[in-house]
Structures are given as structure tokens and as C-alpha cells.
Amino acid sequence: ETGVTQTPRHLVMGMTNKKSLKCEQHLGHNAMYWYKQSAKKPLELMFVYNFKEQTENNSVPSRFSPECPNSSHLFLHLHTLQPEDSALYLCASSQEDVGTNEKLFFGSGTQLSVL
Amino acid sequence: AQSVTQPDIHITVSEGASLELRCNYSYGATPYLFWYVQSPGQGLQLLLKYFSGDTLVQGIKGFEAEFKRSQSSFNLRKPSVHWSDAAEYFCAVVDDKLIFGTGTRLQVFP
Chain A
268 ETGVTQTPRH LVMGMTNKKS LKCEQHLGHN AMYWYKQSAK KPLELMFVYN
318 FKEQTENNSV PSRFSPECPN SSHLFLHLHT LQPEDSALYL CASSQEDVGT
368 NEKLFFGSGT QLSVL
Chain B
19 AQSVTQPDIH ITVSEGASLE LRCNYSYGAT PYLFWYVQSP GQGLQLLLKY
69 FSGDTLVQGI KGFEAEFKRS QSSFNLRKPS VHWSDAAEYF CAVVDDKLIF
119 GTGTRLQVFP
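So the sequence lines, in the order shown, correspond to chains A and B. Position in the first sequence (first residue = 1) + 267 = my numbering. Position in the second sequence (first residue = 1) + 18 = my numbering.
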């Protein structure tokens with residue numbers, strides 16, 4: 268148990284669906300992250316929030332929309348996804364932004380399949 | 019741009035054998051380096067990190083890594099592998115964000 272919880276663990280959706288991924292951390296951290304993990308590719312940083320403010324958007328398509336209502340919760344809203352968006356989506360948190368070399372704590376991820 | 023290379027995609031060892039996973043980085047200044055492990059169906063967990071000081075770093079689960087500036091390497095080692103070490107291992111370097119390698123999948127035979 269890392270203190271970072273992601274739901275759902277698995278998600279199957281059609282290209283016209285709208286769904287949301289949820290991440291919650293119980294560690295009192297101030298920074299939260301979304302990563303995409305595809306087979307045989309490095310983990311791709313998608314978004315970074317520091318003290319609820321988005322500090323990084325790594326050229327992510329607008330069909331992915333993050334939301335950070337408070338320092339403990341992070342959402343990733345999905346709509347009109349493509350099959351190539353199928354991947355494991357990992358949430359992580361750290362005390363502060365990783366630019367200060369903080370250790371990341373990861374959730375178990377949501378395995379997303381887009382049909 | 020900074021980068022991390024893990025040359026080995028897949029490694030298989032026998033239980034009890036020694037292990038070395040390779041990591042090479044590209045970074046102009048002194049890098050901040052990490053090794054993370056991902057067990058099946060799980061997120062990543064930090065094994066160890068190097069910021070400065072002693073170039074041989076001890077981590078959890080009996081792992082260690084050695085920073086070698088002359089070789090731009092930060093290889094992960096374990097003297098005796100256990101079956102529970104079967105997982106995917108990621109090397110990472112911090113620039114203004116954490117940059118991961120593509121990972122090395124470790125398989126352990128009894």
C-alpha cells in the first residue's frame with residue numbers, strides 16, 4: 268500500500284464514451300502527476316499539479332482533461348478517445364514537485380482499453 | 019535533452035544468482051538518478067536514489083547501485099536474486115521532470 272489509490276483498476280470504453288479516472292493520495296503531498304505507460308515505451312509524463320495548480324502539460328491531446336480540486340484528489344476526464352490511447356494510466360504524488368528531486372509514490376494504475 | 023537508456027529489455031536469471039541491470043544516462047551536470055521497480059499489476063516503487071556523495075547507493079530489498087560518471091552509468095545490482103524479485107525495473111533521471119527508461123523485465127527461474 269503506497270498511500271495512492273486509483274479507481275477503477277480496469278476500464279473498457281468505446282471511442283464515443285466519456286469516463287473519468289480517479290486518484291486519491293493520503294500522504295499529505297502537494298504534487299500529483301498523471302503518467303501513461305504503453306508497452307515497450309518509456310513512461311510518459313502527461314500532467315503535473317503542484318498545490319492544485321497545473322504546472323506541466325506535456326503536449327497531451329485535449330481529449331484528456333485533468334482536474335485537481337484539492338491536493339489530495341486528481342482526476343483524468345476522458346472523451347472521444349482513440350484505440351492508441353489504450354494503456355496503463357498511473358497516478359503519482361510527491362511532497363513537492365519532482366523538480367526538487369522528491370521521491371514519487373505511485374498508485375497501481377488504471378488499465379484502459381479503448382475499443 | 020536528457021535521456022536514460024536501459025539496453026536490456028528482458029533478462030532471465032536463476033534464483034540465487036547475481037544480478038546486474040544496466041542504465042546509461044545522458045546529462046550535462048551531476049544527475050539525480052533513481053531506480054524504480056514495478057511488480058505485475060502494481061505501480062512503481064522506489065528502490066534507491068543517488069543525488070551526491072558516496073557513489074555506491076544502498077536501497078531496499080537488498081539492491082544497490084553504483085554511479086560511475088566516467089561511464090555515464092548507474093547500474094543496479096543484487097548479489098542473490100529471489101523469485102519475488104521478478105518484475106520490471108526502471109531507471110530514471112531528473113531534469114526539470116522525471117525521465118524514465120524503457121524498463122528491463124526480470125524473470126527469475128527456480
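Treat each hint with caution, since some may be false.
Covered, in the sense of this in silico footprint (three residues per stretch, anywhere, with C-beta under 8 Å from a C-beta of chain B), are these stretches of chain A [said to hold, decoys possible]: (1) 286-296; (2) 311-323.
Covered by chain A, according to a simulated footprint, are these stretches of chain B (three or more residues, beta-carbon under 8 Å) [what the hints assert, rightly or not]: (3) 57-66; (4) 89-96.
Because the hints were derived from the structure by calculation, they are not lab data. We put the CB at the ideal spot given by N, CA and C, even for glycine.
Hints not upheld, ascending by number: Numbers 1 and 4 - these are the hints that the structure violates, sorted from lowest upward.
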